[in-house]
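J.: The task is to assemble the complex, starting from two chains supplied on their own in separate frames and drawing on the hints.
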Amino acid sequence: MQIQTQSQLAEATAKSADMTPVQTTVGDKSGASSTDHAAMMRARQVSVFYGAKQALFDVNLDMPARAVTALIGPSGCGKSTFLRCLNRMNDTIEGARVTGNITIEGADIYSPAVDPVQLRARVGMVFQKPNPFPKTIFENVAYGPRIHGIARSKTDLEEIVVNSLQKAGLFKEVKDRLHEAGTGLSGGQQQRLCIARAIAVSPEVILMDEPCSALDPIATAKIEELMDELRQNYCIVIVTHSMQQAARVSQRTAFFHLGILVEEGETSVIFTNPKDSRTQDYITGRFG
Amino acid sequence: MTDITAASDKLHNWASKENTNRVRARYAADRRLQIYGIAAISFAILVLAILVGSLIASGASAFFQSKATLTFFLDPNAIDKNDISNANFRKIVNDTFSKLFPDVTAPKQKSDLQKILSTEVRFTLRDYVVANPDKIGQSVTLTVPLSDPFDQLYKGVVPPRLNALSDQEKARFENRLKNRGLIDVVDGRSFAKINVYIDPAKVVPEDIAAGGFQAILLEGIDALFPNQRVAGIYAIFDDAAAEAIKQHVMANPGVIGQTVENLLVPVSPFYDTLNKGQNPQIPNPRIGGENEIKWFEQLKGLNVLSSPFSTELFLNSNSRFPEQAGLSGAIVGSFYALMVCFLISFPTGIAAAVYLEEFAPKNRWTDLIEVNINNLAAVPSIVFGLLGLAVFLNLFGLPRSAPLVGGMVLSLLTLPTIIIATRAALKSVPPSIRQAALGIGASKHQVVMHHVLPLAMPGILTGTIIGMAHALGETAPLLLIGMNAFITSAPGDILEAATALPAQIYSWSDSPERGFVARTSAAILILLGFLVFMNGIAIFLRQKFERKW
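Going line by line, the protein sequences match chains A and B.
Using the working numbering, read the first sequence as starting at 1 and increasing by one per residue.
Using the working numbering, read the second sequence as starting at 1001 and increasing by one per residue.
With the rest of the complex left out, here is chain B (with noise of 0.2 Å):
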């Protein structure tokens, strides 16, 4: 008691000035800490944000198919009723397709107006006959998908002609050529005033047609830029231009061994145009030449193109045109991995867990494989794959490409995250559970199988749908055992060779073709549909079931 009387003989004040500032600097670190989790926060919903709306302007365009309505006659001549998958459906397509452009006739082009409607148009008619035999004589209309270039044509995400010169090519004409002074227009044709040396050793008079001219060009060229060089600026001047010297020294042979000052030479079209105060286009190679755009144009009159929602992407498996190219086989493919890498782990992270948790004793050995399944969950994904190769292809000589394989890797995969929740969630039910059961004797079986299980079973599952949800994403361990193979059809069952979703996403990205841009953009926007469908789940299931205790 005496020494507290003796403490309080200095007392705290706390009124004073350095308390008051002591509070006011405790409020602000409050208040900056919030400041930083705000930041925090807005800087990921940022980021999210422009992730997936990056996602949804490039892959908007792949939801949506450009398809022309036609009508077939199906002569019967050309279809044998008994024989029907043998017919030439591609003459039946070429000659419907080609009737709706009269004048074109020359076999070349005739050829080249095939190039708008997609290459499957053929199998799509042949398998609609096949499905209807009856119809045989008979005009059909379908409404047909086109292909690639066009389809990007009419969705406008490709232009119909782009510019000849870049804006680069563009400054450089006006600031090295146009803005000293060395462009005039004589006729209506744009001319570069350059120096030339007609040297001898380049041109003999004897025989001035044969001389070197488009050499002494390049000289002249280089002569205008005497101390720098400037890439890209010989493509101003083409071959008329070492014409137009050539015809200077036929006239002129007296010229040979002399330097000729200001000659006009023409430069090329496209900066002819420029210097007209025009924008040189040619048309976009993507799509050919000026007759499709021109065939295109008359297809748009003709009012049988539209661009309706693209079944094609969900219904048809993979192919190698990017409008028929869809992604039910990768969604098949996933959907069994994961049957299997579910069926494999979760009763098995289970057990595992349930035993570690419940019944192992406490000594080294467990350590070791508590802190081996603890690294098993940070071990590189793409060490699965390697050891799925190397295990169950080359040891057990399972098939290759096929789900049973991809899911027992996912599994491996997943097993870790599936332990380590299940362990979490046996951890948090409470003592008072357990010590209840077992005291009016509940075996220890009886208690985890009847009281601690069931009230763990919630966050059970949302740990094991958080890391299916993983292995969902999950690509690399299955590009080593071959689940990115190029497969046109759905796998009917988990060892036929199949390809998953981000695997699908991973080869369609390699695609050069402006429809696999969209399409890998749009898969990839399914895929993350489908992991907020699974995190929906998780969050449904837990809260379903959550017990108050």
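With the rest of the complex left out, here is chain A (with noise of 0.2 Å):
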């Protein structure tokens, strides 16, 4: 990236070597990451461009650690965008280009030295419309440990996979048909499933785009509790359009607007007292 100095591209190169074998299973992460609040996963003067036109100016956002960040604004604001930007996926979007810097744990991500595929293990994506593969349960959560090696055995996979299905809060609805096909679940056992199988491979943050908005009040209910328990031990990104959720789920709130990062804080204050005056007439109901 062009603000990057020699000095973090050296320490972004040293972090990447040593983080390449990702060995540290989900449970015992809790001694590797900082304090609760020190930002996991830092943004500075991001901007986003598709061909000429750009989507998204100079976005400066910290999402911490064991807390739910919540991306809020109206349609075509840029927050999807922005929430692409922390997996590299805009990579795969033809003619898309990235300037800034993003940083996790303090190695940027758009180094060189790091490998797309691998931070896309690290951080997690779960998609707004459930989309499990078209395979069992069992093979849909194997697959992210077993094509990065995770598992060294069948029934370290195994242990895996149940782990993960039970962090997901899945495992005592499918026990019995583990192998049975994952497309026949009901939408929110598959956007867990899917949560399921974004855990298996061990990521640090979780990138959430509008998980809920294709399910029922009852599921969603399902899968905002689990938000609040994997915030125990995951940074969670949240893109939402119900500011009910934001406010329920998440711990900071940023407010996108026509691609300007408008505000952003802790989401008591933001839903209570904000200080930008769109922010308020977001919030309160005025237009989006």
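It is possible that part of the hints are untrue.
Subject to a maximum C-alpha distance of 20 Å in a straight line, what follows is the list of computed SDA-like cross-link-like pairs (lysine to any residue) [as the list claims (entries may be wrong)]: (1) K1362/B to G95/A; (2) K1444/B to V114/A; (3) K1444/B to D115/A; (4) K135/A to F1545/B; (5) K1444/B to P116/A; (6) K1444/B to T92/A; (7) K1544/B to P134/A.
Residues of chain A clear of chain B, computed beta-carbon distances all greater than 10 Å [claimed, not checked]: (8) A55; (9) D58; (10) S80; (11) G100; (12) N101; (13) Y110; (14) S111; (15) P112; (16) R152; (17) S153; (18) E173; (19) A219; (20) E225; (21) L258; (22) P274; (23) K275.
With the Cβ distance kept under 7 Å, some of the chain A side facing chain B (calculated, not the full set) [stated by the list, open to error]: (24) A121; (25) N131; (26) G144; (27) V201.
Since the hints were derived computationally from the structure, they do not count as laboratory data.
Cβ atoms here follow ideal geometry from the backbone N, Cα and C, with glycine treated the same way.
T.: This is the structure:
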């Protein structure tokens, strides 16, 4: 990235080098991460261009570990674009260009030393529409650990799958049909399966792109409950259209409008005492 | 808000007559569209039914072969145990068959008699003895094929006798002569009354016998129809008519230089028969003469003839004799060619399609490649044949008529089909699956190999099989690389000269024998059978592996 200094680059290289074998299992992460509200991911001056059109303007945002950061804003405001920068999914879009600096635990994720494929394992993602693979439930969860060589043996793999399903709160419901098609589950179950699939590769960050917009209120409630539990171990960034959801699940909220990060801060502050009038108008329902 | 209230002042009247008419017209248009569709489908089914019906009608007889069950005595004096294949099996067959007709003694007739059996019978017998040498000295009963004309005769495809005169010729005789009262019957023989001018330039009194009576007769016939020429009318009279004029002039030399009116001249025998109210017939020239018809009736009376299912059609290779010609060589040749075609075009096509669809940057070069692939699908197949001839045969020096070259040419033909089908199948895999895989850190190749390709496989297989079916029916390129060769045995490998099913159909359709006419239709039916089978597999695979997401 343009604004990167030599020392930062060196640090990033060193970090990514010792991070390459992702061996820490999900459970014993507490020791590895820093204090609760230290930023896990940090974005500085991030701009995104789709061809000639600029979609995001100089966004600066810290996303703390062990907390849920909600990105809110009207449609087309760039919140999903920003989310996709965090695991370099924008790389897969033709003509997309990202400038600025994004770090995970201080290491630049756009540095040439960072492999975007491994980054996506560390920064997991859950999509708007539940998208399990058309395979069995077991295979859905086992796929990630298998391609990343996380499981050393078959029993290891089974343990990871069961563990992940348990963490995603799905194990009780599917334990008798692990070898049936994942696509046969209900929408909410499919979404939790996708979360289990993301957890299975021991990520540090989980990105959620409107994870509940295709779900009914009961399934939504379950996912929100799950997010609250997952927050104990992960840095979660969620894009949502529902302000109630943002208020319920997040600790920090960032409001985007027309590609600009208008305001960010503690969720309680944003919702009760926003500084910017646009934020005020949006959360009170005057537009959007 | 004010705009909306202003507009609603003039509300649309949904109950107006105009509106009712519009609704009615819309329903009529719906119905018309349906009727067009049903009509189109009915037309297509009708045409298909006519095609298949006519093929079955003309090809069904080829699935059966007329055979004679004969008992051959394998004379140990005629067959040397140590040199079986050089024994005179032809004589054994001829003698055995002649014994059924003790009253046929003349050598010419004896040799005509042998034409009833297929020429290949002696080889059938030789092969049998070679396989069973212990039977020498014993009598063996074999069922051997009849030759093509008698095969067709036994199956009733051709009649033993044909009409000697066409309907046109009959009508001409009735209208031009009989109905004008110009035909008389004298002593059971039909005569025509004609006027002839005994031209002194053609007949001299000194030598009447040498006169040109044929020319006089022709002039007389022309005079029957003064102002019009009627084709074929001369055939009504034969030499006997000229002879009758000659006799008349010899008896009355005084008529030279005069016109003889209403001279009775005999009509030719077929018209004589016709005039007596019978239908004149001749023996079918395919079969021979009356003798052959008589012998065949005799053979039928011996109860040795049968018409079982023709295994020759499937187990034999090509032959000059339709009763022995089969499709095994063509089927094996087509199989090898398709194998080569599949092995080349399936991996190449998928690799090309995966690269273009998943990895290639979208720029002018890939656009150019894409346009050219689509163009290749529309190139006439004969052009690929010429390419194969110029490159594979001339430049690379590969063997002519080989299934290897055939398969290579056909793979050029199927490649675009497979690439286009594969790309369509890859495109139809929902992007959510790719995102899901990318989102948990699968690399591009893992996304393609683990998720996209397996999900696209049913579509790819369907496209491939349809491409293969297309290749199976392709003729033109095979003709150019020599796969229409006359090969009497199935190829042993992909480098041996061979023919293919469509090329075999093409060369049989060119043969004059009636047996090949039926075999052409039968071969088309078999080819259609293979195509239906392959398309059936395509449908089965599509349904079996289709996944929901």
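J.: All hints, please: hold or fail.
T.: Status of each hint after checking the structure:
Straight-line distance between C-alpha atoms of K1362/B and G95/A comes to about 10 Å, which keeps the hinted pair within the 20 Å bound. Of the pairs offered as hints, the one joining K1444/B and V114/A holds, with about 16 Å between alpha carbons and a cut-off of 20 Å not exceeded. A C-alpha spacing of about 12 Å is found between K1444/B and D115/A, which places the hinted pair at or below 20 Å, so the restraint holds. For the proposed pair K135/A and F1545/B, the alpha carbon gap of about 12 Å is at most 20 Å, so the pair holds.
The hinted pair formed by K1444/B and P116/A meets the criterion: a straight-line CA distance of about 11 Å does not exceed 20 Å. Restraint check for K1444/B and T92/A: the C-alpha separation of about 9 Å stays at or below 20 Å, so the hint holds. Distance restraint check for K1544/B and P134/A: the Cα-Cα separation of roughly 14 Å lies within the 20 Å cut-off, and the hinted pair is therefore satisfied. Separation of A55/A from chain B is adequate, the least Cβ-Cβ distance of about 18 Å exceeding the 10 Å criterion.
The beta carbon of D58/A is kept farther than 10 Å from every beta carbon of chain B, the shortest such distance being approximately 26 Å. At roughly 12 Å from the closest C-beta of chain B, the C-beta of S80/A stays outside 10 Å, upholding its exclusion from the interface. Against the 10 Å criterion, G100/A stays outside the reach of chain B, whose nearest CB is about 22 Å from its own CB. Every CB of chain B lies more than 10 Å from the CB of N101/A, the least distance being 22 Å, so the non-interface label holds.
At roughly 16 Å, the least C-beta separation between Y110/A and chain B is larger than 10 Å, which holds for a residue marked as non-interface. Chain B leaves S111/A outside its interface by the beta-carbon criterion, the shortest separation being 17 Å against a cut-off of 10 Å. The beta carbon of P112/A is kept farther than 10 Å from every beta carbon of chain B, the shortest such distance being approximately 17 Å. At the 10 Å boundary, the C-beta of R152/A stays outside the reach of chain B, the nearest C-beta of that chain being 18 Å off.
The claim that S153/A is not at the interface with chain B holds, since no C-beta of that chain comes within 10 Å of its own (minimum 21 Å). The beta carbon of E173/A is kept farther than 10 Å from every beta carbon of chain B, the shortest such distance being approximately 20 Å. Non-interface status of A219/A relative to chain B is upheld: no Cβ of that chain comes within 10 Å, the nearest being about 18 Å off. The claim that E225/A is not at the interface with chain B holds, since no C-beta of that chain comes within 10 Å of its own (minimum 22 Å).
Every Cβ of chain B is farther than 10 Å from the Cβ of L258/A; the closest lies at roughly 26 Å, confirming the non-interface assignment. Distance to chain B confirms P274/A as a non-interface residue, since its nearest Cβ pair spans about 31 Å, more than 10 Å. No Cβ of chain B comes within 10 Å of the Cβ of K275/A; the nearest lies about 34 Å off, and the non-interface call holds. Given the 7 Å rule on beta carbons, the hint for A121/A holds: about 3 Å separates it from the nearest Cβ of chain B.
Annotation: N131/A was flagged as interfacial toward chain B, and the flag holds, the nearest CB pair being 4 Å apart, inside 7 Å. The beta carbon of G144/A comes within 4 Å of a beta carbon in chain B, closer than 7 Å, and the hint placing it at the interface holds. For V201/A, the interface hint holds, since its Cβ comes within 7 Å of a Cβ in chain B; the closest pair sits about 6 Å apart.
Every hint, counting from the list given before, is met by this structure.
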